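Residue numbering for the sequence shown follows our numbering, starting at 1 and increasing by one per position.
Worth double-checking, as some hints may not be accurate.
[Claimed, not checked] Only pairs whose alpha carbons sit at most 27 Å apart, straight line, appear in this in silico DSS-like list of lysine-lysine:
| id | residue 1 | residue 2 |
| --- | --- | --- |
| 1 | Lys-51 | Lys-24 |
| 2 | Lys-58 | Lys-23 |
| 3 | Lys-51 | Lys-27 |
| 4 | Lys-113 | Lys-57 |
| 5 | Lys-27 | Lys-65 |
| 6 | Lys-57 | Lys-24 |
| 7 | Lys-51 | Lys-65 |
| 8 | Lys-58 | Lys-27 |
| 9 | Lys-24 | Lys-58 |
| 10 | Lys-57 | Lys-27 |
| 11 | Lys-65 | Lys-24 |
The set of hints was computed from the structure by calculation and includes no laboratory data.
Model, not experiment: these values are computed from the prediction.
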Amino acid sequence: MITERTIDNFNAGPAILPLDVLKKVQKDLLNYDNTGISILETSHRSQEFNKILINTKKTLQTLLKIPSNYEILFMQGGASSQFSAIPLNLCNNFEKDTCDVLITGSWSEKASKEISKYIDV
Numbered sequence: 001m002i003t004e005r006t007i008d009n010f011n012a013g014p015a016i017l018p019l020d021v022l023k024k025v026q027k028d029l030l031n032y033d034n035t036g037i038s039i040l041e042t043s044h045r046s047q048e049f050n051k052i053l054i055n056t057k058k059t060l061q062t063l064l065k066i067p068s069n070y071e072i073l074f075m076q077g078g079a080s081s082q083f084s085a086i087p088l089n090l091c092n093n094f095e096k097d098t099c100d101v102l103i104t105g106s107w108s109e110k111a112s113k114e115i116s117k118y119i120d121v
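Produce the complete structure using the sequences and hints provided.
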């Protein structure tokens, strides 16, 4: 059981979490919400998961003041997924659009390669 924090974390991410949060996560790893199973073992089709999803959406709506006519989507992938999601959302139907991409390093290079699949760069 975690009892204290003795290490400073100056990483770019993920950020350091409060000890109380880590203790709650630690408890739920073994027995989520007194269900007798770990949160890691909870089926995405279960009532428990559905409660988590609904609760998370409500919390986000309140915290971020998201209007009720907006839908909250939980999608897999990280920042790299946006390399294709953004041009796909900005493309004019299936016509080949054009855009400029400023290459400043490895991430923008990766983005440019992905963008060029959908738009003339």
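Structure-based check of all given hints:
This hinted pair checks out: Lys-51 and Lys-24 have alpha carbons roughly 17 Å apart, not beyond 27 Å. Under the criterion of a C-alpha separation no larger than 27 Å, the hint pairing Lys-58 with Lys-23 is consistent with the structure, at around 23 Å. Proposed proximity of Lys-51 and Lys-27 is supported: the alpha carbons are some 18 Å apart, at most 27 Å. Using a Cα cut-off of 27 Å, the hinted pair Lys-113 and Lys-57 is violated, with the two alpha carbons roughly 34 Å apart.
Distance check on the hinted pair: Lys-27 and Lys-65 sit about 30 Å apart at the alpha-carbon level, beyond 27 Å; violated. Between Lys-57 and Lys-24 the alpha-carbon distance is near 20 Å, which keeps this suggested pair within the 27 Å criterion. At most 27 Å may separate the alpha-carbon atoms for a hinted pair to count; Lys-51 and Lys-65 meet this at roughly 20 Å. Simply put, Lys-58 and Lys-27 have alpha-carbon atoms about 23 Å apart, close enough for the 27 Å limit, and the pair holds.
This hinted pair checks out: Lys-24 and Lys-58 have alpha carbons roughly 20 Å apart, not beyond 27 Å. For the given pair, Lys-57 sits about 23 Å from Lys-27 by alpha-carbon distance, which is consistent with the 27 Å threshold. Using a Cα cut-off of 27 Å, the hinted pair Lys-65 and Lys-24 holds, with the two alpha carbons roughly 26 Å apart.
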